[in-house]
Amino acid sequence: MPATAAEGAPSDDQHGPDRPGSHGAGTGARVTDLRVALTGSGIDVVDDIDLVLEPGEIVGLVGESGSGKTTVGTALLAYSRAGARITQGAVDIDGHDLLRLDLGAVRAMRGRRVAYVPQDPGAALNPAIRIGRQMVELLELAKEGSAADRLARARAGLAEVGLPGDEEFLARYPHQLSGGQVQRVALAMAFLPRPKVLVLDEPTTGLDVTTQNLVLRTVKDLCAAHDVAALYVTHDLAVVANLADRVAVMYAGRIAEIGPREEIFARPAHPYTRALLDAIPHLSSARALAGIPGSTPGPGRRPQGCRFHDRCAYATDECARVDPPPETVGPAHVVRCLHHAELPPWSIDTGDIADTAPSAQRDVVLRVEHLDVFYGRTQVVFDVNVDLARAEVLAFVGESGSGKTTTARAIGGLSRQWTGRVELGGHELARGARGRSAADRKRIQYIFQNPYLSLNPRLTIEQIVTRPMELFGIAKGKAATDRAVELLDAVALGPTVLTYRTNRLSGGERQRVAIARALAAEPDVLVCDEITSALDVSVQGSIVALLDRLKRERGISMLFVTHNLALVRSIADRVQVLQRGRVVEQGFVVEVMENPQEDYTKTLLANTPTLR
Amino acid sequence: MTALLPYLRSRRFVVGLVVTLAVALLAVTGPSFAPHGQNDIVGRPFTTDGAFGTDYLGQDVLSRVLAGGRSILLVSLLATILGMVLGVLIGVVAAYAGGWIDEALMRLNDVVLAFPQILLALLVLTAISEPAWWVIVLLVGFSHAPRVARVARGVALGIVPRDFVTAAEALGESRARVLLAEVLPNMTAPLLAEAGLRLTYSIGMVAGIGFLGFATNPGAADWGQMINENRLALLVQPWAVVLPVLVIGVFTIGTNLLADGVAQVAGKGGQ
Chain A
1 MPATAAEGAP SDDQHGPDRP GSHGAGTGAR VTDLRVALTG SGIDVVDDID LVLEPGEIVG
61 LVGESGSGKT TVGTALLAYS RAGARITQGA VDIDGHDLLR LDLGAVRAMR GRRVAYVPQD
121 PGAALNPAIR IGRQMVELLE LAKEGSAADR LARARAGLAE VGLPGDEEFL ARYPHQLSGG
181 QVQRVALAMA FLPRPKVLVL DEPTTGLDVT TQNLVLRTVK DLCAAHDVAA LYVTHDLAVV
241 ANLADRVAVM YAGRIAEIGP REEIFARPAH PYTRALLDAI PHLSSARALA GIPGSTPGPG
301 RRPQGCRFHD RCAYATDECA RVDPPPETVG PAHVVRCLHH AELPPWSIDT GDIADTAPSA
361 QRDVVLRVEH LDVFYGRTQV VFDVNVDLAR AEVLAFVGES GSGKTTTARA IGGLSRQWTG
421 RVELGGHELA RGARGRSAAD RKRIQYIFQN PYLSLNPRLT IEQIVTRPME LFGIAKGKAA
481 TDRAVELLDA VALGPTVLTY RTNRLSGGER QRVAIARALA AEPDVLVCDE ITSALDVSVQ
541 GSIVALLDRL KRERGISMLF VTHNLALVRS IADRVQVLQR GRVVEQGFVV EVMENPQEDY
601 TKTLLANTPT LR
Chain B
613 MTALLPYLRS RRFVVGLVVT LAVALLAVTG PSFAPHGQND IVGRPFTTDG AFGTDYLGQD
673 VLSRVLAGGR SILLVSLLAT ILGMVLGVLI GVVAAYAGGW IDEALMRLND VVLAFPQILL
733 ALLVLTAISE PAWWVIVLLV GFSHAPRVAR VARGVALGIV PRDFVTAAEA LGESRARVLL
793 AEVLPNMTAP LLAEAGLRLT YSIGMVAGIG FLGFATNPGA ADWGQMINEN RLALLVQPWA
853 VVLPVLVIGV FTIGTNLLAD GVAQVAGKGG Q
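Line order of the protein sequences matches chains A and B.
Heads up, the first sequence stops at 612 in the working numbering, and the numbers go up one at a time, no gaps.
Heads up, the second sequence stops at 883 in the working numbering, and the numbers go up one at a time, no gaps.
Hint data in this document are derived by calculation from the structure and do not stem from the laboratory.
Just so you know, not all the hints are guaranteed correct.
Said to hold, decoys possible - Computed from the model, here is a short list of chain A residues facing chain B with C-beta under 7 Å:
| hint | residue |
| --- | --- |
| 1 | Leu414 |
| 2 | Arg441 |
| 3 | Ser454 |
| 4 | Pro468 |
What you are looking at is a predicted structure, and each value in this text was computed from that prediction instead of being measured.
Note that the Cβ used here is the ideal one computed from N, Cα and C, for glycine as well.
Between the sequences and the hints, there should be enough to build the whole structure, so can you do that?
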């Protein structure tokens, strides 16, 4: 089918045309020729989606932001978000095509035959109703069993996800649970009415690795125990690598490649899948991470022919003209690429490099001694010591609440509630940025986690990037603009963005602007606070490559705060592992990763999802 | 220019703008095409001669209405600007400074807020024998300030903790520049909406002050004062009261729609 949107004109009929053979799928779920379009313009959000979920099978649906993965996920419940509608196709579950049922019948199916676990379960649970009541209510709605029976099932459901089913727990409100517990309650509720099909929409985003691992194991056990067909929607291939039976990779509203997990990770046949895999850091080895040039096109901006051709390293003229049909390349392995047979062999080890060797000569730039940080009267960071050499990257790793960001903020002068000694180039720094001299402020630059918050939306990129130069007397006027162009070039952005405001840039582009602003001050030390965690993996890959180049070419030292141990292996020279505000282990990355001494580090390493 | 587009698509905003501008234009250019001077005696009091009859002194009502808007609109506008500037300054400084400065400013604010707006104005006006027009501007402006301050502080509280403000501080920008270049530009939409609302209240208050007999120039035409002058003959010659009431009403509806439109567009992310 051609990729044009002409056919998908929205009509009042929500349901697709009658398709022969769309019934009788038995158990599991079968999605046939699904198309979801924007209501106003009729532009496709996703199209030509065929997907089968077998009972007891977990299918990972992987894609970057804007790929349409969540749209496909909710379409399994015959639901589309406001502004979009399902215009074509069939979703067969339990012998019914959900798209052809009336709303009442669909409602009866939702929850009972097909359940949904949202990304943020905290928002899905009613904060004013006790956990036990919410679970029992679900069964009351389904009119199942007696009152005592329902309560017993609620307890059993909680036990299945490893939570206590006692009175005390049932009487809790959602805010009295931890993030992992909330997610497991949401899982228990999804499984309670014994659904045949389960859609999980990034249910572990925002959870610590240990908790994430626990939730993933629970999902896997429950799906196997109850013969549930599950669709696991995520942006993280590493998560899927340990969980799914089959993997579907989505790009720009299409399934680019689908196949058994081992096939996808051992013999990826689509250049996009390969590029994604190349962008993911490994725990077992350092990698030269590569990003994918350009960005994922949104609905209405998708190119003709193969949708990936404009970012593909192997694209030919043909790719721009011909829409690649799905081709079977192995057992149950289907790919949409004209040149899949001609691609060079690929290995998961591609891009592996040697870990940075411990160097004897270290020219220490930043020294932190006995740093204690407080929130009001509570001490949150205890006796942290740091020495950072020129052109060295030191990673702070830990789970949320470990104090890694707090430490970084204290060093960067963003908080003043700390004691201890921070020395930069041999002289001591004041606590807050305002107390430091301009020369000191210039030498340490801080890059924030969320580029959507760290750039003023009312300023142009030129104003944002030239400001530090004016402030520190590095350049002004025309000279500053020229330097801004150079810096933007260094972060792989063209001079056209100078006049833009941030709302015209993607997340990755914004983060590049934030890096350019930091570089504009010509710093010696960059403090990077989780700067890739809000970005897609392909963007993360290119940002990491950029930082590595800056380190080598400009001799900039970095404090790299992250929760991702795999990322540490690829970017950092040394690492400090933090737990509850204390450094529990530190050393060269290769030593800590290969031979961890502390139980906490071992647990973190064991729970980090990774391909290798 | 493109920033204005979403506003022009809002019907509320466009209707409000047209009504407001029309009444303002009438008030500014009215005297030049009025049939009589504002203090000309054209006949006996409370007759129905002319388009809208005569008032308590036998002056032409239409002419007086056309002449009586200029001062009230100007005073209201200036008072609104003064109130906005003062209020935004207090609110933004309180939100940015936080801590005890915030507490002190806002508690003082609450004290002033506890008095009805008009009462504060009257308190001063009764003490002054012949108040100049700028005294009314000051009084109305000052009485707006604490109300504006509350709104401005609320908006600023949502912006101050954002990372770009922290980033500016880490660079060592001066506090004034952080406020003016980073915080304030992100507050324009809600503040514009507030300004429209304040303009509405200003007109009501200035008209009210006129009605209570504290007009800046007792002899001159003034919408508020006209209502007071002619209310005794409301049943005999209603136009002398109804006409100024109507223009005041229409104008406040206009400014209100304007404010609503701005708030609506801003709510949709027009900024």
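Consistency of the hints with the structure:
A least Cβ separation of about 6 Å between leucine 414 of chain A and chain B falls short of the 7 Å threshold, and the interface hint therefore holds. Because the closest C-beta pair between arginine 441 of chain A and chain B is about 5 Å apart, less than 7 Å, the hint holds. The beta carbon of serine 454 of chain A comes within 4 Å of a beta carbon in chain B, closer than 7 Å, and the hint placing it at the interface holds. This hint holds: proline 468 of chain A has a C-beta 6 Å from the nearest C-beta of chain B, less than the 7 Å allowed.
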